[in-house]
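Trainee: Listed below, chain by chain, are the residues.
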Amino acid sequence: METAVIERSACADSVLLNDWHVVADLSALNSERPFETRLLGTDLLIHGAGDRVRIERKCDSGPVQISKKYGFLWACLGDPDRDILHIPEAFETDRFIVTGGSIAVGVSGLRAVENFLDMGHFPFVHTGWLGEEPHTEVPSYKVEITDQDEVLATQCRFFQPVASPTASGGIMANYEYKVSRPYTVALYKTNPVHPDRMDYIALFVQPVDEEHCIAHPLLCYLKDNTNEAELRWFMQLIFAQDKPILENQLPKRLPLDPRAETPIRADASSVFYRRWLRHHNITYGAITAPQ
Amino acid sequence: MIKLYDYELSGNCYKLRLLMNMLGVDYEAVPVDFYPGREHKSDWFLKINPLGQLPVLVDDGVVLRDAQAILVYLAAKYDPSGNWYPVDDPAKLGDISQWLAFADGITSTASAARLHEGLFYDFDIDACRAGAHRLFRILDEHLWFAEKQDRDWICPGAHPTIADIACFPYVILSEEGGISRQDYPAIRRWCDRVKRIQGFIVMSGVFPAGPAGGRLNALSAA
Ligand SMILES: [Fe+2]
Chain A
1 METAVIERSA
11 CADSVLLNDW
21 HVVADLSALN
31 SERPFETRLL
41 GTDLLIHGAG
51 DRVRIERKCD
61 SGPVQISKKY
71 GFLWACLGDP
81 DRDILHIPEA
91 FETDRFIVTG
101 GSIAVGVSGL
111 RAVENFLDMG
121 HFPFVHTGWL
131 GEEPHTEVPS
141 YKVEITDQDE
151 VLATQCRFFQ
161 PVASPTASGG
171 IMANYEYKVS
181 RPYTVALYKT
191 NPVHPDRMDY
201 IALFVQPVDE
211 EHCIAHPLLC
221 YLKDNTNEAE
231 LRWFMQLIFA
241 QDKPILENQL
251 PKRLPLDPRA
261 ETPIRADASS
271 VFYRRWLRHH
281 NITYGAITAP
291 Q
Chain B
292 MIKLYDYELS
302 GNCYKLRLLM
312 NMLGVDYEAV
322 PVDFYPGREH
332 KSDWFLKINP
342 LGQLPVLVDD
352 GVVLRDAQAI
362 LVYLAAKYDP
372 SGNWYPVDDP
382 AKLGDISQWL
392 AFADGITSTA
402 SAARLHEGLF
412 YDFDIDACRA
422 GAHRLFRILD
432 EHLWFAEKQD
442 RDWICPGAHP
452 TIADIACFPY
462 VILSEEGGIS
472 RQDYPAIRRW
482 CDRVKRIQGF
492 IVMSGVFPAG
502 PAGGRLNALS
512 AA
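Residue numbers (the working numbering), protein chains in the order written: chain A, 1 to 291; chain B, 292 to 513.
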């Protein structure tokens, strides 16, 4: 048991240890071979598939609590002190609810969340899709901490040549972003066919260790005019453009020392997110201020 | 119109999109849910390609699998100049074919490493990387000697051939599999030349040459 204690101490943030994290797309599991993964520095073995899934710690075969939701397998290394995030959109029957394809990224998951919130990189990294020069200016938007203690950015607008898999020409896209847990971020985006409804993408980021993560996207798109293969195509096209940029970020962990914030990258949502992480004493995947 | 059964993140699909763009050939891409849907192993797809692999190209009733075979077909049919695949030059065809086979070796090493790192494929990562480095060393040396003879491309001649297109994708994506190109300067220069061929397009994870690519590098260092 001693090894388990040492491994568990790899992450000291109880908020993270006692929360649920996605560790696999359920469709990736099979009963022939265990699926190996890592959560908060702890190596895990996922055995079985379907109704017979279980997870054990690799070091001592100790059991890990599991749950299944939204097409994903979730794990909690400690004792869960809250439920898996409730997503009302995932229960609306006129939407496709699909996992977007889990992709590993060699960077802190906090960096992946921050990048997801950032519109400034659209014209340079997602050129011709989510942005295009000379439309590089990010119009000002509103950021707040909600009653439910989430970081919420609203009134975000950006000119996008191909805003969605169904787009036919450039539009001014309307966005909202919400960070509900340290490693969970979502965006709402106006549906091109139904301007009064929003498509929804959640990014559940699995903190593999402090400098590696796996992004597990959940797509909840209105069914009109699209299909599941197309939704996954678009999500992976976009995310694979972010991946090399993220993997080249230095340092690999997210600096949380207020003095480390560079004015260029410190747009409003990023400032709020980092402040909110500090407020919740998140240190895992971060570089914190010296005590 | 040509139909390409396509997966965005596949380097083997990308090489066909690349050549068709360079040749100015129109095509329709049919996205196949390769990951995580494994649609390339579904009943409907296995009827098209019993090997369950992408890409597949359909043109004029011809159904072809295997990226290298499709490059041969496209160049032979749609490049009237005969530069990309000179059908009347047996020595050069032999040379090109040998590098097409080499490209398959890059797929089974560098591409496998990338699938392991990014998409959790169950491969022996150390063996994949060692295999890729062995091939990169050979390619780097080959390109270095080519440069000494004022040659820009894998096969002799003033114009690139499908050998360059076949080898390029999984070389340029190698970092995603943890295979650095730091020690292969001739490969790096050749990659830059490929990016400057008329009609070059990127895929996710590949950056354009020149100012845009430079700016992305600066951005990623921020
Ligand atoms: Fe992005």
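Rather than coming from a laboratory, the hints here were simulated on the basis of the structure. Keep in mind that the hints are not guaranteed to be accurate.
[What the hints assert, rightly or not] In the DSSO-like style, the derived pairs of lysine-lysine whose C-alpha atoms are separated by at most 27 angstroms in a straight line are: (1) K58/A x K69/A; (2) K486/B x K223/A; (3) K69/A x K178/A; (4) K189/A x K142/A; (5) K368/B x K69/A; (6) K294/B x K68/A.
[What the hints assert, rightly or not] What follows is a set of in silico ranges between Cβ atoms, one per label pair, in the way DEER data are often shown: (7) P499/B x E36/A: 34 to 40 angstroms; (8) V378/B x D51/A: 53 to 59 angstroms; (9) P371/B x G48/A: 53 to 59 angstroms; (10) A421/B x P80/A: 40 to 46 angstroms; (11) G343/B x G48/A: 22 to 28 angstroms; (12) R157/A x A500/B: 49 to 55 angstroms; (13) V353/B x V15/A: 54 to 60 angstroms; (14) H135/A x G373/B: 40 to 46 angstroms; (15) S471/B x E133/A: 29 to 35 angstroms; (16) N227/A x S471/B: 49 to 55 angstroms.
The beta carbon of each residue, even a glycine, is placed where N, CA and C say it ideally should be.
Trainee: For every hint, state whether the structure bears it out.
Mentor: Against the structure, the hints:
no.: 1; hint: K58/A x K69/A; result: 24 angstroms, holds
no.: 2; hint: K486/B x K223/A; result: 38 angstroms, violated
no.: 3; hint: K69/A x K178/A; result: 20 angstroms, holds
no.: 4; hint: K189/A x K142/A; result: 15 angstroms, holds
no.: 5; hint: K368/B x K69/A; result: 50 angstroms, violated
no.: 6; hint: K294/B x K68/A; result: 38 angstroms, violated
no.: 7; hint: P499/B x E36/A: 34 to 40 angstroms; result: 37 angstroms, holds
no.: 8; hint: V378/B x D51/A: 53 to 59 angstroms; result: 57 angstroms, holds
no.: 9; hint: P371/B x G48/A: 53 to 59 angstroms; result: 57 angstroms, holds
no.: 10; hint: A421/B x P80/A: 40 to 46 angstroms; result: 42 angstroms, holds
no.: 11; hint: G343/B x G48/A: 22 to 28 angstroms; result: 25 angstroms, holds
no.: 12; hint: R157/A x A500/B: 49 to 55 angstroms; result: 32 angstroms, violated
no.: 13; hint: V353/B x V15/A: 54 to 60 angstroms; result: 58 angstroms, holds
no.: 14; hint: H135/A x G373/B: 40 to 46 angstroms; result: 43 angstroms, holds
no.: 15; hint: S471/B x E133/A: 29 to 35 angstroms; result: 31 angstroms, holds
no.: 16; hint: N227/A x S471/B: 49 to 55 angstroms; result: 39 angstroms, violated
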